[in-house]
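Taken in sequence, the protein lines are chains A and B.
According to our numbering, the first sequence is numbered sequentially starting from 1.
According to our numbering, the second sequence is numbered sequentially starting from 1001.
Please keep in mind that the hints were generated in silico from the structure rather than gathered at the bench.
Values in this document were obtained by computation on a predicted structure and should not be read as measured data.
Do not rely on the hints blindly, as some may be mistaken.
[As the list claims (entries may be wrong)] Some chain A residues near chain B, calculated using beta-carbon distances under 8 Å:
1. Arg114
2. Asp228
3. Asp247
Backbone N, C-alpha and C fix where the C-beta goes; we use that ideal spot for every residue, glycine too.
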Amino acid sequence: MHRGVGLAAFDREQVSQRFAELSSELSKTQVDHLQSQLTQFQTALSHFAQTHRDSIRSDPTFRHAFQQMCASIGVDPLAGPRKGGWWAEMLGLGDWQYELGVQIVDVCVSTRERNGGVIEIGELVHMVSRLRNVESGVITEEDVIRSIRTLQPLGAGYEVLDVGGGKKMVRSVVKELDADQAVVLAEAQLVGGRIVEEILENRRGWTRDRARAALENMLLRDGLCWLDSQDEHYGKAYWVPSAMHWDE
Amino acid sequence: MALSTHTTPSGFLLPSIHSAPPFFTEQPNPNTQAHLTEQWIRLILTYARHRRLFILRVEDAEVPGGDWDEILRNERINRRVPPSYISSLMAGMIAKNVAVYEPPKQTRAVMLYWRLPEEWADVLHSWATATGQLNTILTFYEISDPPIPSPLSDIPIPLLRRAITILMRSNRAQIIGVADGEGVRFFAATK
């Protein structure tokens, strides 16, 4: 016996259709809700950007706090869907950072003959500040380090070196500094630039040969230090220009 | 120890690099030395202009008491430029055409071009024009030792001769033999 489709079956079909409608309605509401939240976020963000743009660009403490906030919520202020990122676009921070990068390159290149391509970060900050004609403290070490990071894709070899004792140096030549050279740079930092073999022997327990080899390499091969053959105590001393305190 | 600028008794502002001890040693690294040679040449020429010095001798680095002590020596850090270093700096200046050995055929003294001979030619012609001495005959000594101090006071005769030679090429001067040597007559610039 054949039975046609009964009422119950009709109901079932209708019910499932209802459910489908309801579900799509629900997800539509959710999407709408999300969209409105996003719009709200964007409005808030652009409001924030408009209100604080100047502070972010000019106040290092504020900029630091802002960048920390970005980091804690996982937003890279320089990255985003569009070129330069939309934080960057709204804040003009990308330009600021890139501009700083260009000035860092400027300082590194123009002092390279003098210091062999290694500059103490404090001096770099000082010279960049002077180039921008801003008071000291407006640009921080952290800003410089971040800008150097943005230079990395250029492959120019700019790198921040930690030479120990909280001292940082920026290397602007594609040249590996070996561990001994880093030690020499660090020791030179402590004494205002003048370094002799004895200092490395006494303070680091190096042999005379090791000290001489490191210093002679820096002098002759890398141009990272200058010779003084009129030294009162040793007759011959090495001076690391990037560790000397230039008052100019 | 901070490296700072310093004003000398003659009123010259020494750059901070002048208080860096290694500045007084010739560097074995050629790139480093090229940079320091440039610094030295600039220092020597600006000092020469400041003091109106025309001649630099190796002797100036050998014995104290000369015109160049303020830059060739730094008593504050007990450093001085060794004579051998001044010789190579002289060679460096000659290579850059900012000095010539004077007299020629020796390497112990140079005449400095803190103004190039072309610039001296213009200075000379402007001075002759401004003081109304065109078309009259002047001896070389009337120019280098004028009764009223001029921009040309103390100019060495060989440098003066070079400047006049340049003016002769554009018909703005003529060398004339006079009783006690040589003289020059300047003309207004022609087209």
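Looking at the structure, which of the earlier hints fail to hold? The structure breaks none of the hints.
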